Amino acid sequence: MMYDWLFSLTGNEILAMFIVSLLPLFAFILPFALIAVLAERKVSAHMQDRLGPMRVGYHGILQTVADIIKLLQKEDLVATATDKTLFNFAPLLVFMGSYAAFAAIPFSGFFIGSKIDLGIIFIVGVTGLVVAGILMAGWASNNKYSLLGAMRAAAQIISYEIPTLLIILTIVVLTGTLSLYDLSEIQTAYFWNWLIFGGPFFGLQKLLLIPLMILSCLIIYTSTLAEVNRTPFDIPEAESELVSGYHTEYSGMKFAMFFLAEYANMFAVSAIVAILFFGGYQSPFGYLGNSLGWSWLVPVEQFFWFTAKGLFFVFVQMWLRWTLPRFRVDQLMAFCWKYLIPFSFVILLIVGLITLM
Amino acid sequence: MALKTEEMVLNMGPQHPSTHGVLRLELQLDGEIIIDVVPHIGYLHRCFEKHCEAMTYPQVIPYTDRMDYLASMYNEFGYAVAMERLLKIEVPERVEYIRVIMGELQRIASHLVALGTYGADIGAFTPFLFCFRDRERILHLFEITCGARLLYNYIWIGGLSHDLHPDFIRLTKEFIKDFRPNLKELNDLLSFNQIFIERTANVGVLPLETAINYGVSGPNLRGSGFKWDLRKDDPYSVYNKFDYDIPIGTGEKGKVGDCWDRYFVRVKEMEESLKIVEQAIDTIPDGDVTSAIPKRIKPPEGQIYTRVENPRGELGYFIISDGSLNPARVKVRAPSFVTMQVFSELCKGWMVADVVAILGSVDIVLGEIDR
Amino acid sequence: MKTAEEIFNKLKEKFGSSIIELKTDKPLEPFILVNRLEVDKICLFLRDERDLLFDSLMNLSGVDDANGEKIKDETGLETINGGTLSVYYHLESTNLRHKLTLKTSTEREKPEVVTVTEIWKGANWHEREAYDMYGVVFLNHPDLRRILMPYDWEFGYPLRKDYKNPEFYQGMKVPY
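Protein chains in written order, with the numbering used here: chain Z, 1 to 357; chain V, 1 to 371; chain U, 1 to 176.
A couple of the hints might just be wrong.
[Claimed, not checked] DSS-like, lysine-lysine: derived pairs with alpha carbons at most 27 Å apart:
#1 U/Lys99 <-> V/Lys241
#2 V/Lys227 <-> U/Lys2
#3 Z/Lys338 <-> V/Lys227
#4 V/Lys275 <-> U/Lys121
#5 U/Lys99 <-> V/Lys227
#6 U/Lys161 <-> V/Lys227
#7 V/Lys173 <-> V/Lys253
#8 U/Lys121 <-> V/Lys227
#9 V/Lys298 <-> U/Lys70
#10 U/Lys110 <-> V/Lys348
#11 V/Lys184 <-> Z/Lys42
#12 V/Lys88 <-> U/Lys2
#13 V/Lys298 <-> U/Lys23
#14 V/Lys241 <-> U/Lys164
#15 U/Lys99 <-> V/Lys255
#16 U/Lys173 <-> V/Lys348
#17 V/Lys298 <-> U/Lys161
#18 U/Lys173 <-> V/Lys88
#19 U/Lys164 <-> U/Lys70
#20 V/Lys4 <-> Z/Lys144
#21 U/Lys41 <-> V/Lys50
#22 Z/Lys338 <-> V/Lys255
#23 V/Lys232 <-> U/Lys2
#24 U/Lys161 <-> V/Lys50
#25 U/Lys2 <-> V/Lys50
#26 V/Lys88 <-> U/Lys164
#27 Z/Lys144 <-> V/Lys348
#28 U/Lys103 <-> V/Lys298
#29 U/Lys72 <-> U/Lys2
#30 U/Lys70 <-> V/Lys88
#31 U/Lys173 <-> V/Lys232
Derived from the structure by calculation, the hints contain no laboratory data. Keep in mind the model is a prediction, meaning the values are calculated, not measured.
With the sequences and hints as input, model every part of the structure.
Dropping the structure here:
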């Protein structure tokens, strides 16, 4: 859609493709990451009965600008005994893994980076690259703390991908499509057609699905929280034990890449939960543009709803971070393998049976 | 072909976000399991005991402040009690009441730091700030009394350096009223949080026999189920005039003597201290706080060992006087020094993440250990 | 609850010559002077005897008695020859609620006292500190090394009365 529109505008394939692929990155993700850094600090401050950054700009709005300038001008320290290739490449790999996922996420009915049929599997696969990046960072730092952190991170991310995939399989069984664009289109019209309320089915099926869908939404939210290494699952960067874990040795712009990749990952994961269960970019009530007759307003509204839902889940992630203590490594693993995976299997089975009805 | 495994030595070095000071822990690990922990101390050693031999008796008081800098009032209290017993001075009752109030407020402040940093080590960052918000009010009370927030030089031999500020009683009553609901909030947020309980219950159990053999005291001993508090068992000052209870660990969430017990004993102790402050504030007698301070302190030849109940345990002062103006020996028996010995036994068999949990639950201060 | 005299009499009948005397003249604490090489047997008896039950070592401190002759040599450096170093033990019983103070003395040139680490495990670090600060060697101690000073400090024992700081330690100037 966006691609067609740009093609008709410019008449050049390559230019249109170029703009389409860069648009999510520059127009959305980078500004989001910058705002998310500030939002985290203000949200955490207000939850902790204090004010947060107040001096830079009005009530601290320009704080991120100051942070970026600081990170840009820092000295890039590279210790002598590290493995230089891996050390330099690791932040890039983590960055790429997080950002490439946005290619398959539909931001509105009009814009999607690439309308591939394998949508959700592509996203899960690409975010798996992050594990390789983290392991590289931990090993190449030549530091026992980083190595411990990286090993924990790898174990955690790989284990928690399983419940994620099982819940995704549940949704696929229910709706029959892997493409995120089609998933969003299915949950159209009103909010009771959203998958968390049972989806666009009728009668007994829908009622039976509601508790299962709520449970699977909680499971996938928890396991994706573990994939992005946020508290209560932030063992790999547990500040009080491992002094920053696998990114202890990084400074300056490389550290900034890890940092921005983490926030982009947070949004990607919130976006996936929003699309799978909460209707993606669909509005809960119907479109203003439709009722007014201005059809160009509809994609804008859809974009607004998508961003609102994503930001809400990001806010919940921040809320959880500042409330809960963190798990110990073996408790984390036990939680995944002994509780989340059996539950996801059972849900998959039951949903499969319901679809046969 | 057998797989070769090696033990790894990990250094939780002198600079670390959660070793509560400059402490170096050498961990010998087998994967994530601890085989041995060797603590190395001495990074904060200022040889306070040698300094005291060159000072006169009243000049020692600022030195006692700087040992356990989170509970300075109590260090001064202990030294003053020891010297008053040696010199056989009777202090006015008003002085005793004010000392008790300051001591108990200091106990609440010290426990707030211990609990806040413990939560931060486990990963819950918010209770840390709630605890410090309450501690700020206590430090404000200290500031209006003697001008300092952390190292006071307030309790002198035979009396106090200043009388109470006129606003002190009113502000303390307001603090008491506001602190009780905050304690409940802390309990809801941290103490009964399921993740916190899983991290701390059944971890680092200290059996009672081991504790007594090592000489552990204070909340660590009470967490193992033994009702021993120097305020009741070896009384000093006017503690026997107040009505308060001694909380002990009961193994509510796991075994008796685990980290959760030691943590919760501190939470309950804060409530009890609040009771003491409430009773004392209502019944302070009038008097002159500087009337019994001697002009020149020249104790007779002799020695004394006195102990008081520091927020961290039994703080002992062993003072030998040879009849001159300077002490011949001042030995301070610091409770955290003794607790660090038992630490390596507590940690064996647990994981690296548990070292942090156990270290936070025994609440050490390096200033006391190294003096 | 037993007083110091009763405990002294009880110890005297069991150990005879190792218990030297009971000093009650100086105020506030009567203490029992014991032989420095028999301290562990005495303390084992004190801990296990049914009506004594001293199960907690409150404090163990080294003291420099400074009762030797003070010699000033050419550079003005004052050293003490002869005299004694002492170790004080403060014991208490958590069951029977009584306290006791023991003292042993040892010569300054070659100070040696038997360790009580097997009896109260908490004595381990206290004795290491006494060794570090005064140089008292505890026989049979499992791990006698310096604890507060750096492990390779070879310039003496800081809390002795005639201790002088060295000029340089590992290339760093010591007097600040």
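Identify every previously stated hint that the structure contradicts and give their numbers, smallest first. 3, 4, 6, 7, 10, 14, 15, 16, 18, 21, 25, 26, 29, 30, 31
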